[in-house]
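Chain A is fixed; fit chain B onto it per the hints.
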Amino acid sequence: MTTIVRRAVLAGLAAAALPRPALAQGAHGRVVVVGGGFGGATAARVLHRAGVAVTLVEPAETYWACPFSNEVIAGLRPLSAQAFGYDGLRASGVIVARTKAAAIDGAAGRVRLADGSTLDYDRLILSPGIALRFDALPGYDAAAAERMPHAWKAGAQTDLLARQLAAMPDNGTVVLSVPANPYRCPPGPYERASLIAYFLKTRKPRAKLIVLDAKDTFSKQKLFEQAWKALYPGILDYVPLASGGQVTAVDPGAMTVATDFETYKADVACIIPPQRAAPIAAAAGVADRSGWCPIDPVTFESRLVPRIHVVGDAAIAGAMPKSAFAANAQAKVCAEAVIDLLAGRVPEPPKLINTCYSLVAPGYGISVAGVYRPDKGVLADVEGAGGTSPVDSPDTVRRQEAAYAEDWYRTITHAVFG
Amino acid sequence: MRSALLLLLLASPAAASPPGASSCSGCHGAPGGAVPSLAGQSAEDIAASLTAFRTGARPATVMTRIAKGFSDEESRAIAEWIAGGGQ
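Line by line, the protein sequences give chains A and B. For the numbering used here, count along the first sequence from 1 and bump the result up by 5. For the numbering used here, count along the second sequence from 1 and bump the result up by 2.
Don't read these hints as lab results, they were simulated from the structure. We put the CB at the ideal spot given by N, CA and C, even for glycine. All the pointers check out, no bait thrown in.
DSS-like, lysine-lysine: derived pairs with alpha carbons at most 27 Å apart:
#	chain 1	residue 1	chain 2	residue 2
1	A	Lys227	B	Lys70
2	A	Lys381	B	Lys70
3	A	Lys227	A	Lys213
4	A	Lys234	A	Lys220
5	A	Lys270	A	Lys220
6	A	Lys105	A	Lys158
FRET-style restraints, in silico, Cβ to Cβ:
#	chain 1	residue 1	chain 2	residue 2	range
7	A	Pro238	B	Ser44	47 to 55 Å
8	A	Pro238	B	Ala32	38 to 46 Å
9	B	Ser44	A	Asn186	40 to 48 Å
10	A	Asn176	B	Thr57	47 to 55 Å
11	B	Ser44	A	Asp175	56 to 64 Å
Chain A on its own, in the form it takes in the complex (with noise of 0.2 Å):
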């Protein structure tokens, strides 16, 4: 306790001693975030309320959260539940730059937006999120994307997956494909399932819907099957790498998704194809050549570029998944190590933690937790701590996950965007 006293009183004497702006200037130093979701918009946050001067760099004006976008696929919710704004950022003083950074040079220490001005930083923090790679998969690419949607940034992608299920006919099947490790959201895939299987058996019985999975292990994966046995029997056939479940080519024209064993013709068809962090992760030198961003476990600072901290789903972060929880936990971490960075202290080793709820229907929700630590040089699982939901827990139990997802959900777009 005595460290934190100390750390506590320095920052508060620091904030007192010296009027905002020349605080935003001087020692505190200046500190620029990539990417408004809930890493970036979180990290602004923390970083604003510290008294540093800081810029969040986001283009858009609306943010479509990813989290809970399956119940909209499956018509449980409206698409506009998911949209945020950065109204709440602006009213509690944060700077957002509504532009895309086009370019960042890490040795001068600057961003170059679109509109060819430029931002000089002391600490860049980059939370660009995920690319699709549309070089991954043969046949599918940004066009093939309009006639089988990932959905996997939620919004258009999403709105349109929704709109074919509802169109599509009374005994249609439904094909959905889902990558190898690493992507963003772990259990999202068998959440979509679970969803769009939930969305078959009460709106269009005699269809059915086929996973084809490049794993044969996967996230939550005892709850989800039993689950699946016991609500959607004869509506959901799942098919794991060991059966051949590993997509090998798609053609959006004829509608067909291609396995080593066998090509499935789709009414349907949710492509979710390998991924890799934003291009611009890439392009300021911080990604490696599996895509993503190695990052140091302490400070998220990039293990490539120094003075660049990468957060959220670009990062490569141990053991840490790729969420939105982790994102804004991860976030919360750097930005505080940022904080003592620019005034000279080494920051402590941290602890995070990431919960992840999923719902295999209304009602009906089961989780994973973790607790993560350096160590070694990456996040690694604190032993004894985290894992899922019970298999055997009873219905009172799953419906108070479902709640509590539900205000997880709520809770953490209030405190990002709020």
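Chain B alone, transformed into the frame defined by chain A:
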């Protein structure tokens, strides 16, 4: 001077969260939701809850799994930070 320092402490929690503490507001927010708000809870109550979750004395779905990741000392530091206005 003491009260001035206290005000400064309360005003500047951002750079001073103990390990794990800043993750809590990912779920615990405004009153009235399914997840209990921590606002207004004393450090003693929060620390006692974390211990009870860890030992299993207090059943829960998620917090039993998370609390096992923190020692008594860490739990105490988290509780004091949150009770002091950290978020």
